[in-house]
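J.: Those sequence lines, one after another, are chains Y and U. So the numbering used here is basically just the index in the first sequence, starting at one, shifted up by 1. So the numbering used here is basically just the index in the second sequence, starting at one, shifted up by 68.
No lab work stands behind these hints: they were computed from the structure. Being a predicted model, the structure only gives us computed values, none of them experimental. Any given hint might turn out to be false.
No more than 25 Å apart at the CA atoms, straight line, and that leaves these computed lysine to any residue pairs for SDA-like [said to hold, decoys possible]:
1) Y:Lys207 - U:Leu266
2) Y:Lys45 - U:Trp206
3) Y:Lys45 - U:Leu268
4) Y:Lys207 - U:Ile273
5) Y:Lys207 - U:Phe316
6) Y:Lys207 - U:Thr238
7) Y:Lys43 - U:Glu141
8) Y:Lys207 - U:Phe207
9) Y:Lys45 - U:Ile273
10) Y:Lys341 - U:Ile236
11) Y:Lys341 - U:Gln205
12) U:Lys169 - Y:Arg36
13) Y:Lys341 - U:Thr200
14) Y:Lys207 - U:Thr200
15) U:Lys169 - Y:Gly175
16) Y:Lys44 - U:Phe174
17) Y:Lys200 - U:Ile273
18) U:Lys169 - Y:Lys200
19) Y:Lys200 - U:Trp206
20) Y:Lys341 - U:Gly274
21) Y:Lys207 - U:Leu272
22) Y:Lys200 - U:Leu231
23) Y:Lys207 - U:Leu268
24) Y:Lys207 - U:Glu217
25) Y:Lys337 - U:Gln205
26) Y:Lys43 - U:Gly274
27) U:Lys169 - Y:Lys45
28) Y:Lys341 - U:Pro260
29) Y:Lys200 - U:Gly274
30) Y:Lys44 - U:Asn315
31) Y:Lys337 - U:Thr232
32) Y:Lys44 - U:Phe316
33) Y:Lys200 - U:Asn233
34) U:Lys169 - Y:Ser167
35) Y:Lys341 - U:Leu266
36) Y:Lys207 - U:Asn315
Chain U stretches covered by chain Y per the calculated footprint, using a threshold of three residues with CB under 8 Å from any CB of chain Y [to be verified]:
37) 146-153
38) 166-177
The C-beta atom is built at its ideal place from N, Cα and C for all residues, glycine as well.
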Amino acid sequence: MKHTNILRPLAVMLGLALSTAAQAGTYDITVDKIRIDTGTFKKKGIGYNGSQTPTILNFQEGEDVVIRVKNNLRESTSIHWHGLILPFQQDGVPGISFSGIKPGETFTYRFPIEQAGTYWFHSHSKFQEPDGAYGAIVIAPKGGEAVPTQRDYVVQLTDKHPHSGSRIFRNLKGSADYYNRAQRTVQDLIEDAGADGLKAALQNRKMWGAMRMMPTDIEDVQGFTPLINGESTSQNWTGIFKPGEKVRLRLINSSATTYFDVRVPGLKMTVVQADGNDVKPVRVDELRIAVAETYDVIVQPREAKAYSIIGESAGRTAMVRGTLAPSANMVGPFYKMRPKPLLTMADMGGMMSGMDHSGMDMSASDNSEIDMSGFDMSGMDHSGHDMSGMDMSGMDHSGHDMGGMEMSGMDMGGDLPVVPAEGAAGASFYAPGSGLIPTAASSGKFLGYEDLAARKPLYRDRPATREIEIRLTGNMERYIWSIDGVKYEDADPIRLKYGERVRFKFVNETMMAHPMHLHGMWTIIDTGKGAYDPVKHTVSVAPGTTLYTETEVDAPGQWAFHCHLSYHMAGGMFRKVIVEGGPA
Amino acid sequence: MGAYFKENKDMKKLLLGLAFGPLFALPFAPAALADVGVSPTVWGVRTDKLEYRFGDDEKSLAWELQAWVGNDELRLAFLSEGVKIEGGDFEEMDTQIRLQKPITDFFDGFVGVAASTPDGVPERYYGTLGVTGLAPQWFEVEAAIYVSEYSYIGAEVEYEGLLTNRLILTPSIELSVPLVDDPERGTAAWAPSVELGLRLGYDLIGRSVSPYIGVNYERDFGGTASISRNAGESVEELSGVIGINFNF
Numbered sequence: 002m003k004h005t006n007i008l009r010p011l012a013v014m015l016g017l018a019l020s021t022a023a024q025a026g027t028y029d030i031t032v033d034k035i036r037i038d039t040g041t042f043k044k045k046g047i048g049y050n051g052s053q054t055p056t057i058l059n060f061q062e063g064e065d066v067v068i069r070v071k072n073n074l075r076e077s078t079s080i081h082w083h084g085l086i087l088p089f090q091q092d093g094v095p096g097i098s099f100s101g102i103k104p105g106e107t108f109t110y111r112f113p114i115e116q117a118g119t120y121w122f123h124s125h126s127k128f129q130e131p132d133g134a135y136g137a138i139v140i141a142p143k144g145g146e147a148v149p150t151q152r153d154y155v156v157q158l159t160d161k162h163p164h165s166g167s168r169i170f171r172n173l174k175g176s177a178d179y180y181n182r183a184q185r186t187v188q189d190l191i192e193d194a195g196a197d198g199l200k201a202a203l204q205n206r207k208m209w210g211a212m213r214m215m216p217t218d219i220e221d222v223q224g225f226t227p228l229i230n231g232e233s234t235s236q237n238w239t240g241i242f243k244p245g246e247k248v249r250l251r252l253i254n255s256s257a258t259t260y261f262d263v264r265v266p267g268l269k270m271t272v273v274q275a276d277g278n279d280v281k282p283v284r285v286d287e288l289r290i291a292v293a294e295t296y297d298v299i300v301q302p303r304e305a306k307a308y309s310i311i312g313e314s315a316g317r318t319a320m321v322r323g324t325l326a327p328s329a330n331m332v333g334p335f336y337k338m339r340p341k342p343l344l345t346m347a348d349m350g351g352m353m354s355g356m357d358h359s360g361m362d363m364s365a366s367d368n369s370e371i372d373m374s375g376f377d378m379s380g381m382d383h384s385g386h387d388m389s390g391m392d393m394s395g396m397d398h399s400g401h402d403m404g405g406m407e408m409s410g411m412d413m414g415g416d417l418p419v420v421p422a423e424g425a426a427g428a429s430f431y432a433p434g435s436g437l438i439p440t441a442a443s444s445g446k447f448l449g450y451e452d453l454a455a456r457k458p459l460y461r462d463r464p465a466t467r468e469i470e471i472r473l474t475g476n477m478e479r480y481i482w483s484i485d486g487v488k489y490e491d492a493d494p495i496r497l498k499y500g501e502r503v504r505f506k507f508v509n510e511t512m513m514a515h516p517m518h519l520h521g522m523w524t525i526i527d528t529g530k531g532a533y534d535p536v537k538h539t540v541s542v543a544p545g546t547t548l549y550t551e552t553e554v555d556a557p558g559q560w561a562f563h564c565h566l567s568y569h570m571a572g573g574m575f576r577k578v579i580v581e582g583g584p585a
Numbered sequence: 069m070g071a072y073f074k075e076n077k078d079m080k081k082l083l084l085g086l087a088f089g090p091l092f093a094l095p096f097a098p099a100a101l102a103d104v105g106v107s108p109t110v111w112g113v114r115t116d117k118l119e120y121r122f123g124d125d126e127k128s129l130a131w132e133l134q135a136w137v138g139n140d141e142l143r144l145a146f147l148s149e150g151v152k153i154e155g156g157d158f159e160e161m162d163t164q165i166r167l168q169k170p171i172t173d174f175f176d177g178f179v180g181v182a183a184s185t186p187d188g189v190p191e192r193y194y195g196t197l198g199v200t201g202l203a204p205q206w207f208e209v210e211a212a213i214y215v216s217e218y219s220y221i222g223a224e225v226e227y228e229g230l231l232t233n234r235l236i237l238t239p240s241i242e243l244s245v246p247l248v249d250d251p252e253r254g255t256a257a258w259a260p261s262v263e264l265g266l267r268l269g270y271d272l273i274g275r276s277v278s279p280y281i282g283v284n285y286e287r288d289f290g291g292t293a294s295i296s297r298n299a300g301e302s303v304e305e306l307s308g309v310i311g312i313n314f315n316f
């Protein structure tokens, strides 16, 4: 979409360019109603530049960009430049940065590109992003890539659903398990009874039933067809390589709600960048990309054969295959989806504290005979009595018997296990014993946040000036999502002061992972590496955990801060952040 | 003339129910999505029963429909429930409008008005107050008191047994206990009427279209049963059912 700017040489000749050393590029984007064809279903949706293939904007670090966005929809739209550091008026969030782009209107964004890396852009209006309004941004660094490669591909994932975003939201509000087709059935009960004994299987059901929660509640929205660069498995997006070449894959997860586990079977992936910032290279077999995150990985296929890029949803309800091959029309092998994970009590830690015990008479459901041996309590480490600050005094675990599991006596509030926790590699950022902990298909290395270290520190390391607690809260059954128990519409903005360094304490009291995204400023995840802690724009907070991040408050104005799962954001897991002071 | 009158009367009853429909949507008319992050107003329409019943004595059409609109804090719901004998009367015809509000994590409280307007008996109107929600072990529960000079208590329990993720066996029990005698309607104080159901449904298109088969058993007890017996009517009725539920 980049114009060949014929005026530029002329301007240089006239000496006008002396006023600024920066290049300037003009880019045009149209926002269109399109037909989306996934190979399994066709539906109406939204696309940029009339296409279901995501538009890629190629910028140069140091460039001043002018982006003209023409709205061809019959409703307002907006584009948010996810991860870009820019003046807040250019950030594209209606009601916070600007008033949106009206039907028929062309809005011109202008901002300097002060960073390099892989980012993306998407509509921040209604449910346009799940309906297809997303694209990729690739910014070439001034001095060239730290790790040069011969090939460079964007691999943008999404979870295309046959229902529109607004319908999905409505259905979830009507019934939170509307799209959960991975619920435990009578058949599962029979299988579990065979494996663990009928008593244990029934008691397990009883335990979850008492809480009215589902261990299968991992993916809110199932029934989607995952796409790579707008193409499903059957449409088979293909990247070409010559054997021996290094191939950079810019993984972007533009899904509405789905985390993907990504691998290229047969090849190691060297992670060189996370959320646009270079990291010290880590060789892994597989990684989990949360919604809105990006990872750049380098692979080096040496054989002249088709390799597969596999994106498997974290809940194992859907999978997509793309291909890396020496020539077009080759198809990488397809792999069987791995078994579905189940949440454990460790993932429930936060729900316990947030639960309304008054409405729940556990004594009536006769827990005196519940045998906890039937399921995974490993996360609760009773042997060492190390409850990481949890007061479990109300619980009698003697003989693995929940003898009168008095929920009212359980004070689990506030102090969920802090991550990174001691534990196996790849598991540190989950509650110990969590059912969500991924393992590599190859049984090799699975990337975790603890593996990420900044290649070069972006900021001087200094102590935070203050701490702000962000409790991620919700009611699964009602599909209500909030922060500190308050939805966006009822909440006051979070006020930060320009120049301070804020430490955010995220406490996930729900049973779902939330990819939290702060606009305008970087999120430094505390992995214990000090100045080398990874710098990101989106951080996934696993259920039942406490995670710390720090942010240098260096961008004046007002910004959005929210869970990037589309339907959690729309439901109110969202805050406005106001940065007071600083340059006007 | 008689047939014409009959038809007209049926239509009146249907229209009475339908008239409530548009009314209840009014407070939520500006339902357009507001700003980013602001919970939009949502709605739903679904049937919990829409079936043909074939019993020994009679064949009938039965339905249970619910339409709602609202947000996390408040919902307005319209409910219609009825049984029409094939080629005959509306044996049951209940219409309800309620305002529903969360009172605990899993339960809503509701207040509303209800009309019971079947054929051949006097019409009854009630104020209603109740709770509805999800009890431990996944039982869907509703209990309400219907207040008028002929007050009664109504309760329902339903359970969705997942044979597979699409093949769902739903046992249900519905109980109605009059608190006072209503001789004109043939019910006696504290004598319950019970309806048991067992339905096997299959989610054909998402959760939008779910055909099912099953059985339905109704029985009167105590004084109510005596009144039926004295009138020469049976106190129980077992029917096979075949139906299809919609959820939009």
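J.: Run through the hints listed earlier and report the numbers of any the structure violates, in increasing order.
T.: Going through the list in order, the structure violates hints 2, 3, 4, 5, 7, 12, 13, 16, 17, 18, 21, 24, 25, 27, 28, 29, 35, 36, 37 and respects the others.
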